[in-house]
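**Student:** For chain A, the structure is supplied; the task is to place chain B on it using the hints.
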Amino acid sequence: MPRIIPPEERQFSLVLALLATEHGLTKEQILSTVDGYAQKYDPDGPNANLERQFERDKDALRELGLPLETVDPPGEPGNNQLQRYRIPKGDYELPGDVTFTPTELGLLQLAGAVWREGTLSGDSRRALIKLRALGVEPDGVMLGYAPRLRALEPAFAPLTEAIERHEIVTFPYLRPGRTSARPHTIKPLAVFQFRGRWLFQGLDHADRPLTFLLSRIVGEVKGTKTYFEPPAGDQAARAVADLQRVWDRQTATVEVVPGSDAAARLGRRFGGDDPEATVLTVHYSDLALLADELAGYGPEALVIEPEHLKQAVVSRLEAILWQHAEAEGAA
Amino acid sequence: MSAAGPTRPAFAQDRLAFLLSFVPYLIDHPGVKVADAAAHFGVGEEELRAQVERITGLGVPGATATYGPEDLFDIDWDALDDADEIYLTNRVAIDDAPKFSAREAAALIAGLQYLQALPGRADGAAIATLMAKLSRGASATPPAVAIDRGVADAALGVIRAALDTGTRVEFDYLNSRGEHERRPVDPLRLESRDDTWYLRGWCHLRGDVRIFRVDRMQHPIATGEKVQHTPEDVALSETLFDPSADDLWVGLRIAESAIPTVAEYLTAESKLVPDGEGRVRTRIRVAHYHGLKRLVASLPGLLEVTDPPEARKAVADWAQAALDRYRSRGRA
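First to last, the protein sequences are chains A and B. Residues 19 to 349 (my numbering) make up the first sequence, in order. Residues 129 to 460 (my numbering) make up the second sequence, in order.
Just chain A, same shape as in the assembly:
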């Protein structure tokens, strides 16, 4: 009985064959000759299962970033049977000048480990496997550190994929300050982190830029199979810069109780050189979000101005008191 060939061996043989061919191989040639397919190939049959396997293997190669190219036969564009496949070596290989020092590799390993729990953990793990091909031993300066980005917000993977495909998405969003979610339909541009929070920027139906907190996307992110032409440029860098401008412009004055949790946490971010400061100038990008945080500090933080932030905090505190003042269920 012939040995069962594991998928990675079949895919490896496929990569070798596609790298070795100069003019490309037709699907027929691949299925009938490449190790892992050839054993199951029936010269008389329709080979439907084998063709489906080939389609899945092509996806697997593309997922790994291997530049799979299709060449249409001259004079017969789109003829599926005569289409040829190849992997151009120049596009496949890591450029010779991309090298890393042991210290850089130590940093990259730590950068990859950041994703241990998240959806990008598989991607970073495979990147680190590929880096080992270079034979550089990382130095150990990063022992003793376990930084983790959760990206547990299940929105992360579908959003980054939709950004790659330029696909319009829909999702339910719970705005800070609201108690129920509303559906949104958005052209996704960038996922980024700002001041420790994961955010996502996209365009609405009128192409106005909107920013969302990933943690407040409270349901499935769905693709709509509708695609759009994204604006040119580095969207993530632009989104960060946009938010930074808002952040720089919007300030509140907050008085904190010395020695309190609020003094420690806000003081660290906004206290400047004086660790004992009790009146802080607090920058923010979203008023409702800051009001939530300040309400959490209870009596330890008091908004002096602006008035609408003070009102937002007071109304939150009133709602909490109303909800918890009576015996449970009375509300």
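By construction, these hints were calculated from the structure, which means they are not laboratory data. The beta carbon of each residue, even a glycine, is placed where N, CA and C say it ideally should be. Heads up, some of the hints might be wrong.
[To be verified] Straight-line Cα separation of at most 20 Å, DMTMM-like style, residue types lysine to aspartate or glutamate; simulated pairs:
1) K107/A to E307/B
2) K441/B to E307/B
3) K261/B to E111/A
4) K399/B to D375/B
5) K107/A to D375/B
6) K107/A to D156/B
7) K261/B to D225/A
[Stated by the list, open to error] Covered stretches of chain B (in silico footprint by chain A; criterion: 3 or more residues with CB under 8 Å from a CB of chain A, positions within the stretch not fixed):
8) 171–181
9) 205–214
10) 223–231
11) 350–362
12) 376–387
13) 407–415
14) 418–425
**Tutor:** Relative to chain A, chain B alone:
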């Protein structure tokens, strides 16, 4: 491939990435010892030997569309058997390492940007150089994922230096009675979740491993004393919140759409029971009500404490005390 389509098992892809990386490594390191190669790729020696043997059966369909000996990888079997050394004697198709996929590069780039928050670890110029190399090494433009630099925390610098030199730190920290206590701690590991940094260390006051939020430490200093406990002799858990026998159980009612915002507090024991009015009931463990009242107050309208009555009262008192301050300030 559609987003909704089935995701391939990650490990088949890892194994393909391994094969594609292992071959150029062997080309660049003729005569490498099995043990060294195994250590480099983080696999066992037996496993590595099996991978070497497996490669020798693989190759390209040659000129006659069959796999002749000249079309297959081959090694010096004597060197492997006698000296544990790997020499490729015939190789096909592959010369160099593969590029990164756009998403692989993006994952590392985003991770690097995040590490900039670690003071003294990674300076901006070194990280910018690395990110540029990763972009050039990717087969397509990495998707837009970016992390801002944030605000470096001075306490992080103190802890990092203590960790590197194996010395003790001391800081004031809120205890379960809501009071500050001076805690002498041997640092074991500096950890983070997104924007929040934690020190896992041996607390000499409690005589056990404890986790401290770095942004809740006050007046941190390095004492210069040598640590008595190191990561080698203390078992470190991988989870951030270790359940304790002293934990208090609290009943909650959560707006359904707000469940993801409290996901990190839910454990396997936290059953979600819908109440038919768009809310769910559940139970969580908390160390003390001082943390709970802050959590509830920071998610106004989304989270209601249902029991025990003391927990509800802690939240109500917290909000009342804050409102009293606003009222007395208004009169002043």
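**Student:** Could you run down the list of hints and mark each one as holding or not?
**Tutor:** Verification of the supplied hints:
no.: 1; hint: K107/A to E307/B; in the structure: violated, 65 Å
no.: 2; hint: K441/B to E307/B; in the structure: holds, 19 Å
no.: 3; hint: K261/B to E111/A; in the structure: holds, 14 Å
no.: 4; hint: K399/B to D375/B; in the structure: holds, 17 Å
no.: 5; hint: K107/A to D375/B; in the structure: violated, 59 Å
no.: 6; hint: K107/A to D156/B; in the structure: holds, 18 Å
no.: 7; hint: K261/B to D225/A; in the structure: violated, 34 Å
no.: 8; hint: 171–181; in the structure: violated (count 0)
no.: 9; hint: 205–214; in the structure: violated (count 0)
no.: 10; hint: 223–231; in the structure: holds (count 9)
no.: 11; hint: 350–362; in the structure: violated (count 1)
no.: 12; hint: 376–387; in the structure: holds (count 4)
no.: 13; hint: 407–415; in the structure: violated (count 0)
no.: 14; hint: 418–425; in the structure: holds (count 5)
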